[in-house]
Amino acid sequence: MTRTEAGLGEETTRWFDDFHVGETISLGSRTVGRDEIVAFAAKWDPQPMHLEDEAGRASLAGGLFASGWHTASLFMRMACDGVLSRSASLGSPGIDSLAWKAPVMPGDTLTGRMTVTGTRASASRPGLGFVETEVEMANQRGTVVLTMKTTLMMARREAA
Amino acid sequence: MKHLEDFHPGDAVELGTWTFTADEIVAFARDFDPQPFHLDEAAGKASLFGGLAASGWHVACAWMRLWIDHQTREMDEAKARGEEPPIPGPSPGFDDMRWTRPVLAGQTIRYRTTVVSGRASKSRPGWGILDSLNEGFDETGTRVFHFTSHVFIPTGG
Chain Z
1 MTRTEAGLGE ETTRWFDDFH VGETISLGSR TVGRDEIVAF AAKWDPQPMH LEDEAGRASL
61 AGGLFASGWH TASLFMRMAC DGVLSRSASL GSPGIDSLAW KAPVMPGDTL TGRMTVTGTR
121 ASASRPGLGF VETEVEMANQ RGTVVLTMKT TLMMARREAA
Chain A
1 MKHLEDFHPG DAVELGTWTF TADEIVAFAR DFDPQPFHLD EAAGKASLFG GLAASGWHVA
61 CAWMRLWIDH QTREMDEAKA RGEEPPIPGP SPGFDDMRWT RPVLAGQTIR YRTTVVSGRA
121 SKSRPGWGIL DSLNEGFDET GTRVFHFTSH VFIPTGG
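In the order they appear, the protein sequences are chains Z and A. Note that the numbering used here has the first sequence beginning at 1, numbered continuously upward. Note that the numbering used here has the second sequence beginning at 1, numbered continuously upward.
Among the hints, a few may not be true.
Mimicking EDC-like on lysine to aspartate or glutamate, the simulated pairs with C-alpha atoms at most 16 Å apart in a straight line are [what the hints assert, rightly or not]: (1) Z:LYS149 <-> A:ASP96; (2) Z:LYS101 <-> Z:GLU136; (3) Z:LYS43 <-> A:ASP69; (4) Z:LYS43 <-> A:GLU24; (5) Z:LYS43 <-> A:ASP31; (6) Z:LYS43 <-> A:ASP23; (7) Z:LYS101 <-> A:ASP95.
Hints in this document: simulated from the structure, not taken from any laboratory.
Same shape as in the complex, but just chain A (with noise of 0.2 Å):
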């Protein structure tokens, strides 16, 4: 992780893919979100979706975990270096999450992440907010979820 002023509108990270098995896809259902579509292949078929479905809180997660991932590299590959990362802070939420198409068990999503802008916090001084447009692809190319977000990083001042 780096601090606001090392991170410019437009740059784009590729975090990777993940796959949706039918068996992640019920897993996660039956903890979070137990709905028909997302619970059983036959219910999947017959609605809205045309398959068994993830939950798009599941296809949201992915993406964290894919991010995590990114970020705890780039933070290892800085400390090989012998400097110190700035540890990241929390995010006050996010907008605008939409799940443009389904996505079907046994789907892989790529999934990228694109700076949108960087300012100081008014309310937390040697702070930042930081907005991101994060993105998920199917096999096609075709983009079937994204969605703002706004995390808290420390500025370099």
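Next comes chain Z alone, as it looks inside the complex (with noise of 0.2 Å):
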């Protein structure tokens, strides 16, 4: 598989075979607003804590906070700036389990970062090979609001 057989961006760096057990990846950090996190709810999760400063006050959160969707779509979105657009990636299949541990509230600043757990090649495709990792975010007071363990797809260099 070349880089354009796989559809992979010009800048591609990191490929499968760097990816390494133990290795931490740090990807940044970013503020949430409140207008983004209105207009994420508005679109995908319109429920009233996620939309309106009273019923989030009321929530057990008490206060209006983020959609986990939309938690979880920034993590994406860090993962993408971090390290995935200038990696060989070709997709995920899946997310073994997610876990939303606190709440993300307006003007909250969310750091993310990525352990690689496990890599192996796959059996079945010879330029592919599987990325596991365990991720974290956690917001400006080190609480951390979301852990994920998810698999990524990388493209092998030696096949390039």
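Can you join these two chains into the complex? Each is in its own frame, and there are hints to help.
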């Protein structure tokens, strides 16, 4: 599989072979605003506690907070910007588990990281490998808001 | 929405369909998953997916929207009958999310949610945790997406 055949970008610097068990990749930080929380919820998760301050205050979170799907999607963006956009990513078969550990509130600054827990070459596709990861996103107080175990599919360097 | 005791294993709800247009696939991907096969038809064709493919998070978010629409309808109907429906709690997370087939531009996915089990919460008195299997099927009936959700639901006692 060549880079073009795999549909990869031109700036691929990290292939399957460049992921090593035990390695932790920092994915950077971003601050989440109230407007984007409400806009995401209006489109994908229109529940009152993601849309209105009063309903948020009445919830277990004690204030308007982001949809968990927004938190997960923000992590995905962080993973793209932090590593996947410059990698030989071919997608993902799925997620073994995801936990929403704490609510994300307007103004929170989230920091993500990804730890490689396993790598294996595909038995059926010579140009492909699987990278097992455990990821974590925490807020500015160090409180973990999201954890996830997920698998990445990566093209192999020697096949390109 | 109902109390935990009102959910029974095997209860299934057809949530309706979501059509993944190329415009929406690209818009979602620009915000949250800007990988070439989610942004560009040619890159998608060259990828393992074989076409412009929706982000897996987009496929999951469409399930969430249809689930919330269903839940809102149920709550509105209960209120219309003069009942006070309990407000569901948050979700602690999910397990075993699998994107078994790509969802390509133009495809319409049908979603279904089936109750797996309910149990009392050990940490939160008055609450239970409901486990459900959520699935998406393409036009031929082939399953393309599934995961097991967990959500806190008030108990009726």
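What hints, given by number in increasing order, does this structure fail?
none
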